[in-house]
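**Student:** The lines below spell out each chain.
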Amino acid sequence: MTALLISNILLWCLLIALALVVFGLIRQIGVLHARIAPAGALMVDKGVAVNQPAPQVTAEDLLGRPVNFGYANDRTQLLFFLSPTCPICKSLLPALRAIDKARDDLEVVYISDGEPEQQRKLIKEFGLEGARYVVSPQVGMTYQIGKLPYAVMIDRQGLLKAKGLVNSREHLDSLFETEHLGAATLQEYLNKPSPSMHTPS
Amino acid sequence: MTLDPIISIAGALALAVILASAALHKLQAPAWFERQLDAYQLLPTSLTTVTARALPVLEGALALGLLFQPSRIISAILAAGLLALYTLAMITNLLRGRHDLDCGCAGPNSQQPLHPLLLIRNGLLIALAILAGLPVAERTLGLFDGFVVLAAGAAILLIYAATDALLANRPRLLALTGR
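Protein chains in written order, with full-length UniProt numbering: chain E, 1 to 201; chain X, 1 to 179.
These aren't lab readings, by the way, just hints derived from the structure by calculation.
Wrong hints could be hidden among the right ones.
Beta-carbon label-pair distances, calculated as ranges [said to hold, decoys possible]:
| # | chain 1 | residue 1 | chain 2 | residue 2 | range |
| --- | --- | --- | --- | --- | --- |
| 1 | X | 147 | E | 28 | 21 to 31 Å |
| 2 | X | 88 | E | 88 | 29 to 39 Å |
| 3 | E | 170 | X | 170 | 19 to 29 Å |
| 4 | X | 102 | E | 29 | 16 to 26 Å |
| 5 | X | 107 | E | 32 | 33 to 43 Å |
| 6 | E | 29 | X | 67 | 26 to 36 Å |
| 7 | E | 87 | X | 61 | 29 to 39 Å |
| 8 | E | 87 | X | 170 | 16 to 26 Å |
| 9 | X | 116 | E | 105 | 49 to 59 Å |
| 10 | X | 94 | E | 5 | 44 to 54 Å |
| 11 | X | 170 | E | 66 | 48 to 58 Å |
| 12 | E | 98 | X | 30 | 29 to 39 Å |
| 13 | E | 88 | X | 91 | 33 to 43 Å |
The model shown is predicted, which means the values in this text are computed figures rather than measured ones.
By construction, the Cβ of each residue, glycine as well, lies at the ideal position given by its N, Cα and C atoms.
Please model the entire structure based on the sequences and the hints provided.
**Tutor:** See below:
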């Protein structure tokens with residue numbers, strides 16, 4: 001009798017553990033789906049050319065601090081163009097915050113456009129109170145941003161190193177890759193012949 | 001032959017948690033639920049607001065009623081009726097061909113279009129409600145019975161949550177494979 005009882009208790013515990021694992025797995029599949037879902041074109045061919053000096057603008061962030069774009073700086077700048085009415089922009093904000101936190105040599109600037117009330121709500125929702133958050137349509141116009149969410153990377157010398165429409169965390173990461181590799185876009189890099197491949201001459 | 005009480009209590013416990021969570025997400029987003037109810041296009045507009053306010057309260061009351069012995073049977077019958085009403089609302093809209101309508105099953109954060117599979121899920125929930133409402137044999141319950149009730153309730157809830165997540169993943173998978 002005792003053996004049966006113990007076996008029964010053990011089986012219940014194992015069943016619950018198994019159900020937990022199944023539930024966790026399905027949730028992970030859901031997260032993966034959400035991450036791979038929006039795959040869009042990376043480059044919108046207008047505005048400033050890559051590897052050229054970025055246009056110089058100065059704007060004020062919401063805390064009243066001046067932010068210089070396109071000037072020589074001690075840190076690389078990542079400009080993230082967003083709008084409170086754009087759902088994909090919001091889905092990228094946690095990833096941007098993580099990047100901001102992980103890299104000391106990088107300054108993330110959020111550039112938004114829209115009503116002050118919605119901006120406040122967005123900042124509160126994503127905990128961006130301390131971040132460099134600029135509300136200025138002028139910056140977007142200078143960089144000729146037509147589509148959102150858009151990201152631009154400017155290096156320390158004020159050169160525009162990478163830019164593109166970013167629909168997912170992968171697209172954001174690809175900007176860092178292109179900056180690192182020195183190619184204008186990841187597509188361009190992939191189309192280049194690989195230096196490690198020896199072609200018979 | 002009557003049912004052993006632990007089967008029906010475990011069913012009631014799981015159903016109570018499911019109803020309570022449904023009531024909670026409706027209470028947290030009343031405006032969203034009102035729009036959702038309106039989107040089903042079943043009630044005259046004048047009744048939408050009243051129904052949207054009353055349904056979560058009813059769900060909460062049923063959840064509470066299911067937990068206690070004297071009110072369990074009547075709560076279980078009413079819960080089965082409520083779930084049957086929800087299912088009928090889904091069937092009506094599916095027959096109208098509205099496969100793109102969000103079912104509104106799991107709160108504003110998870111969108112899930114109407115699908116016949118949801119009817120099966122609701123059917124199983126109704127079966128759970130009936131199980132909780134069946135007459136049971138009289139016997140005193142010991143410590144081990146309590147453990148089995150909690151364990152079975154937890155297992156039912158976890159499997160329910162997993163099934164729900166699977167159903168929510170389905171349209172994303174279809175979008176990914178392009179079928």
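**Student:** Work down the list of hints and note, for each, if the structure agrees.
**Tutor:** Right, here's what the structure says about each hint:
| no. | hint | result |
| --- | --- | --- |
| 1 | X:147 / E:28: 21 to 31 Å | holds, 30 Å |
| 2 | X:88 / E:88: 29 to 39 Å | holds, 37 Å |
| 3 | E:170 / X:170: 19 to 29 Å | holds, 23 Å |
| 4 | X:102 / E:29: 16 to 26 Å | holds, 21 Å |
| 5 | X:107 / E:32: 33 to 43 Å | violated, 21 Å |
| 6 | E:29 / X:67: 26 to 36 Å | holds, 33 Å |
| 7 | E:87 / X:61: 29 to 39 Å | holds, 36 Å |
| 8 | E:87 / X:170: 16 to 26 Å | holds, 21 Å |
| 9 | X:116 / E:105: 49 to 59 Å | holds, 54 Å |
| 10 | X:94 / E:5: 44 to 54 Å | holds, 47 Å |
| 11 | X:170 / E:66: 48 to 58 Å | holds, 50 Å |
| 12 | E:98 / X:30: 29 to 39 Å | holds, 33 Å |
| 13 | E:88 / X:91: 33 to 43 Å | holds, 34 Å |
Consistency note: the structure conflicts with earlier hint 5 alone.
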